[in-house]
Each structure stands twice: as C-alpha cells, then as structure tokens.
Amino acid sequence: MIANLPFIAVALLIGIALATILLKKNMIKMVMGLAMLEGAVNLFLVTLGYRENGIAPIFTNAPEGADMVLPTVQALTLTNIVIGVATTALMLVLVMVIYKKYGTVDADKMRRLKE
Amino acid sequence: MNVLFDNLPALLIAVPLFCAFLLPIIGRFLPQIRDAWIICASFAASLIAVITAFTVYTKGTIVYAFGAAAGSPAAPIDSGGIPFRIIFTIDGFGAFMLLSAAIVSFAVVLYLVSSQKERSGKSEFYALYLLLTAGIFGMVSTGDMFNFFVFLEINSLAGAALVSYHRRGGIAAEGALKYLIVNTVGGLMVLFSIGLLYAQYNSLNMAVIASQMTLSTLNIIALVLFITALAMKAGSVPFHFATPDAYSVAPSGITAVMIVASQAGLYGLFRILFTLYGDTFNTVTLGWIIIVLGVLSMVIGVTMAIPQKDVKRLLAYHAVSQTGYMLLGVGVALAVLGDPVAMASYGQTAMEGGLFHIINHAMYKGLLFLAVGAVIYRTGVWSLNKMGGLGHNMKWTMIFFLIGALAIAGIPPFNGFASKLMIYESVFAFNPALSIIAMVVSILTLASFMKVFHSMFMGPQLPEYAEVKEVPKLMIAGMVILTIFVIGFGLFPDLVVNNLVAPAGDALINKGAYITAVLGGGL
Amino acid sequence: MTIGLIAKTAGRLLVPFIFIFGFYIVVHGHLTPGGGFQGGAVIATGVALILVCYYYRECMEKFIPVTKFKLVESAGLLLFICTALAGLVVASGFLFNWLNATGGLFGNAVAYGINPGDLYTAGIIPILNFAIGIEVFGALSAVLMFMFAGLKEPTQEEEDAKAPVQNMHKGKIGGRK
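Chains as they are written, first to last, in numbering that gives the first Met the number 0: chain L, 0 to 114; chain R, 0 to 522; chain S, 0 to 176.
Be aware that a few hints might be false.
[Claimed, not checked] Derived CB-CB ranges, DEER-like:
(1) R/33 x L/51: 23 to 29 angstroms
(2) R/215 x L/49: 19 to 25 angstroms
(3) L/49 x S/3: 43 to 49 angstroms
(4) L/70 x R/27: 39 to 45 angstroms
(5) L/49 x S/2: 50 to 56 angstroms
(6) S/59 x R/216: 23 to 29 angstroms
(7) R/49 x S/81: 35 to 41 angstroms
(8) L/25 x R/49: 24 to 30 angstroms
(9) R/27 x L/58: 40 to 46 angstroms
(10) L/77 x R/283: 38 to 44 angstroms
(11) S/59 x L/1: 34 to 40 angstroms
Please keep in mind that the hints were generated in silico from the structure rather than gathered at the bench. Every residue, glycine too, gets a C-beta built ideally from N, C-alpha and C.
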C-alpha cells in the first residue's frame, strides 16, 4: 500500500488539474492548471523508475554495492520539464497580449472568433 | 559525398536546424540575403527529403542510429542484444509522408517570401518556419517513442508561435492560445502512455515494444489515450475545437503547412495502430471506432462549413471533413486486418485510398489556402459578404481556386477523384451505408465551394476593387508548383498508386517487416 | 513603491555567486547531477534577481540590452549544431563522440564503475553542456526582459512627486524619507 502512494497522488493531481482547466474562467488559472498537469505527469514518470532501497544513478563517489534507480525515466522527465517551460512561457505571453487588446482575462468574454 | 549519402536521415533534421539557427544572426548583420537564404535552406531540406524517400523506395527500409559510426546497427555489440540507441526508421509510409511534406513546405516558402515583404520580425518568423519543417520531417521518420513525443511538442510550439504572428487586434493570440492548450494536453496524454509502455517493456524502441506487445488492461488504457491525443492533433471530431480558430487567424501560407503538421499526427495514429498494436487485439471493434470518428468528422465538418462567412474558417471546416475520409478509408482496412480474403479483395484498396487521400489533401487544400490568401493579401477583407467580382482583376488566382475547388469535390481529372473513387469502391464492399454517406458529403462539398467561388470571383466588378491587381510572381510560382501535382496525380493515378502508395500500404499492414528491419530477424 | 536600497544592494552582491554556482552546475554536468539546462536556468535566475530589484528601464540603461542576450542565445545554438556536424565530418556519424578517448581537450578515458570523477573525460558531452547552458541563459533572460517590458512601471520622477503626499497622510515631517 505504501508503495502505491505516489500513484494515488498522481491520479489526484491529474484530476484536480483537469478540473481546473475545464471549470475555471480566468485564463491565468487555466495556465496554472496546465502546469499542474505537467507536474503530475513528471511525478508519474519519476515514480516508474523507483527501485526498492535504490540510490541516485551517479557513479562519482557512489557507495558500494547498492542498487540504483532507473536513469532513463529521469532523462524523459527532464526533457518534459524543458518543454513545459517553453510552453508555459509562450502561453503566458499570449495571455498578456490578449489582456492588452481585450482588456480582460475572462474566458467567457473571448468570443470574438465565433460570429 | 559518400558521407552525405550514408547519413541522409541525420541531415533531414540537421540542415533545417542549422539554417534556422543562423537566421537571427543573418537577419541582424546581413539582412539583404535573408530571402535568398530561406529559399535555399528550404530547397535543400526538401531535396534531402525527396532523395531519402526515393532511396527508401528503391532500396528498402532505412535504419539509422544516432551517435554511432555510419552503418552500425541499433544494438551495439557490448549491450547484450538490447537496442538502446535512438534510431530513425524510414519505411514506405514514412517516405510517403516525407514526400508530401517536402513539396508543400517548399511551395509555401516561395509564397511566404513575397507575402511577408512588408512585415517586421521576419528573421524569427522564418527561423520558426524552418523549425516546424524539421519537426515534421523528424516526426514521420523516427523509430523511437520518446523521440516522437519530442517532435510532436516541437510541432505544436512552433505552430502556435507562427499562428499568432500577426496580432490583428488580439484575435490571432486567442486562436493560438486555444491551439496551444489543446495540443499541450494531447502531448501530455501521449507522454503518459509512453510511460506506461516503458514501465512494462523496459524499452522505448518501437520495434522492441511491437515484438513484445500483448493485450492487457494497461495496454488498452495506453491505446485509448494514444487515439484520443492523436485524433486531437489531427483535428477530427469530437476534438476539432482548436482547428477552425487556429486556421482562420494564421497567415495563409502557415495554414497550408499546419495541415501537413496535423497529417503527421495522423501518421502517428496509424503507426501506433498498425505497427505497435497490429493484430494482437480484435481489430473489428477498433476499426469501427475509427470509422465512426471518420464519418462524424465528414458530416459535421461539411455541415458546419456551409453557413460560414469567413472564408478561411470555411476552408478549415472542410479540412476537418476531408480528414474524415482518410480515417474512413484506413478504418475499413483496420477492420478487415485479420481476414485475409476480405483484405485482398477490398481492404488493400481502402488502405491505399485513405493514404492517397493524405497527399492529395495536402496538395489541393494547400492550393486553396494560398489562393484565398492571395485574395486577402490584395483586398484586405476576409468576409464573403464584402467580396465580389474579383474574377475581372485576378485571373490567375481565379483559375487556381477553381482547380482546387474541383479537386476537393472529387471531379475528374483532378487528384481528388482518384482517391475518393478508391474509397467509395472499397467502403461499398464493406458496408453500403457508409459509402452513401461519403458521396452525399462530397456533393455538399461541391455545393459549398460553388457558393464560395460565385460570391468571390463571379458577378459584376465592385467599385472598391477597381485597382486590385494580380499578386506578385513568387506567390503565383508557389501555387503553380502545387497545381502541377494536383493535375499530375489526377492524370496518372495508376503510376502514383503503384509506385508511391502501395509500398506505404504494405509497410503498414506488414508488422513483421518493420520489426525485422530494425532487430535483424533475431529477437 | 520602490523596492528599497537594501534589496538593491543585496541583489547586486548576490548575483556573482549565483552566476558562479550556475556555471559550476553546467561544467560538471557529466559527473554530478546537473548539466546544460539546469545550469542555464540557475544563471537566468541571477538575471531575474536584477530585473526584480531594479526597474526595467534602469536595467536596460545600466546593465545589458535585450539584443545582447539574443546574440548569446544564437551563439550557444550554433556551437551545439557545429559540434554535432563536426562529428559528421571527422568520423562519419552525426553527434558521434569524436573527442572520446583521444587525449585532446576532454579526451581522457573513462574508468568503469564507481570512481572519483575526472573532469576532463567524456568527449563532446561537456562542450554540448556548455553550449546548451549559454543558450538557455540567453533565451530565458530574453524572455524575462520581454515580459517585464510589457508591464507599466512608474518612473522615478513620478515616485518622488507622489511621496510628500503619502508621508503627509502618515504624519511624518519633512517630506520623503
């Protein structure tokens, strides 16, 4: 049971993040929900690599005779963090442009494209 | 010279990246050669893609391992037979998508160079364009699941940045924001599924996962997430919300390339369905799900396109509808995958029809968007209510729009007729009702385009458009390239199907050939 | 509301240490946790500290304009792609580790298993780390400066003009403190 705790946390985080994206009206909160979703997927990936009583997968001055956790998933997580930084920066800049031109960040008021 | 030919797949992404990274420096210190540089860079990238495609067609699947000396297998000698290098695996289907991406991206560059002449921020625009090209080329060539996800995200980021480039009072930013949110959620779902697959099979290589795939609960969850996310990227119903908004506010040339990017999402969907999963499960149910998605896309796309007044939004809804044709054709092939008799009689034709429609759609939809973009460039309005009588001034644009409209409606001798005929025949043998729905949608498409053509080009010349001239020569050159392929593929469909499409269809149906090409027949 | 003299001075004192720490993370990427992106992000944090302590316009005049950061970003990207293509020319493989075990710049051989790390190993990997480090630093700093340019900040004269009225309401004598 205690080993499944990170997976339960991932499920909860994904649920909260999807609820935020779908239900909130403020665009900044929608962007925050997306950042939380990305954090949940990162947590899932890192948890997949965990091995019982493992140490960090680094050879420099490592203690003898211990198992190491998987390093490949950590590389996947790092790439996802970089992609997340770029995506969040672009989304925030787009929200800033919308705020300057529309005067609001309310998602209900952004209906100029549907006529 | 041999070094170049051995490393062709690496040059596929290295050349556009190198030219993109040099563009800001050229834009700052030597702005006179910027236009010539982007045309040469795009020509070089497209040339490398075409050469790679023809090498695959003549010599078989190319497997290229990054970071190794040329010709090394994916599994190094001292790894115990486990392939851990990142590889590019280009088989018939990948070569087919490379061809269509190469032709459209070069034609659009010719158009963009002259339509963006008076705009600012051109260095970053062309750099993002080359990044998008590199992303599309990489996405259809890769043989590694996580590499596929990285190129998917490159496509969505570069695409969203390009969509929002001309601000136009904020509506471009709104369309780009919706596009980015939908694509990011889709990308995260793909990453979740990749994590699930890695945890079970301890490998990210597509061939290794395919050779060990079984049907368990976790794999079914991963499959559902993949289908949802990649259908979101391809713009099929019920996830088509971002597509019309993003396509209508983007610059016209960019929309033509984004159609190719969303078809790369279709490539991913078919690769996962046929090669990763294949016949480990009951394909009839899954085939029917894809068919239902296709039929819904066709019908809803065309019915929402008819009352539109913004001409680019109308074209975007038609793009959703045509995606339904591709899903219908390949869905029928998936449904009969386990039945060799039905496969030989009509399944093969359905698969080839769906795949042929992919390249045809890129050609004629690109031509339509470029022609409409030319009209908007000269007149400055994009609402059908305000346009009229432009046939007097813009004769070439009218001819190109007419060719594109006849091709999308499926009139011989253009290429739309060839692929739609194959889809009608084979789907009729599978289930007659679907074929009738497809033909009705085709008639509605023709009606919609006749309305658009009449209100844009026919009629008396309006006084406010008296001084509207024809568009510059470079834009016409871009449209001519696409027209040559529209007419050429329509006049010689047998040549194209036998040489280009049939290898792609065989590569998809034959899961074992893909695994043997990468793993060498051992594992 | 200005941020105060203490914060400005502390920011200016801390920034060199942040830069050195980030550079350490970049250079030791092949031995310890870290590498290109992580180190570059830490260096960009130093620039963020300067941006928060000073007004954007003061930053631009006193420190570095945005175009220099974009040049740094392009330089990092070009170093990365040239090193990768050099593998193609020298030893016929894109991104091939052509400096590994040759005794050149980073060319010592790596010992298997657990070892105290040697900085001069691992071929082109430290060079790629360095390229990504300076690219991320330039890009993130440019993004931050462009975002700050979109804010409306009061200039120093407007601050001084408002101050006597504020202090009068609070009961202080003699205007701005």
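Here's how the hints hold up against the structure:
1. The hinted window of 23 to 29 angstroms between residue 33 of chain R and residue 51 of chain L is violated, with their beta carbons roughly 58 angstroms apart.
2. At about 21 angstroms, the beta-carbon gap between residue 215 of chain R and residue 49 of chain L stays in the expected band of 19 to 25 angstroms.
3. The hint said 43 to 49 angstroms for the Cβ distance between residue 49 of chain L and residue 3 of chain S, and at roughly 45 angstroms that hint holds.
4. For residue 70 of chain L paired with residue 27 of chain R, a C-beta distance near 40 angstroms keeps the hint of 39 to 45 angstroms intact.
5. Between residue 49 of chain L and residue 2 of chain S, the C-beta spacing of about 43 angstroms breaks the proposed range 50 to 56 angstroms.
6. The given range of 23 to 29 angstroms is broken by residue 59 of chain S and residue 216 of chain R, whose C-beta atoms sit roughly 57 angstroms from each other.
7. The given range of 35 to 41 angstroms is broken by residue 49 of chain R and residue 81 of chain S, whose C-beta atoms sit roughly 26 angstroms from each other.
8. For the pair residue 25 of chain L and residue 49 of chain R, the supplied restraint of 24 to 30 angstroms is violated, since their beta-carbon distance comes to about 48 angstroms.
9. Separation of residue 27 of chain R from residue 58 of chain L is about 43 angstroms and conforms to the stated range, judged on CB atoms against 40 to 46 angstroms.
10. For residue 77 of chain L paired with residue 283 of chain R, a C-beta distance near 42 angstroms keeps the hint of 38 to 44 angstroms intact.
11. The hinted window of 34 to 40 angstroms between residue 59 of chain S and residue 1 of chain L is violated, with their beta carbons roughly 53 angstroms apart.
In the structure shown, a violation is registered for the earlier hints numbered 1, 5, 6, 7, 8 and 11, in ascending order.
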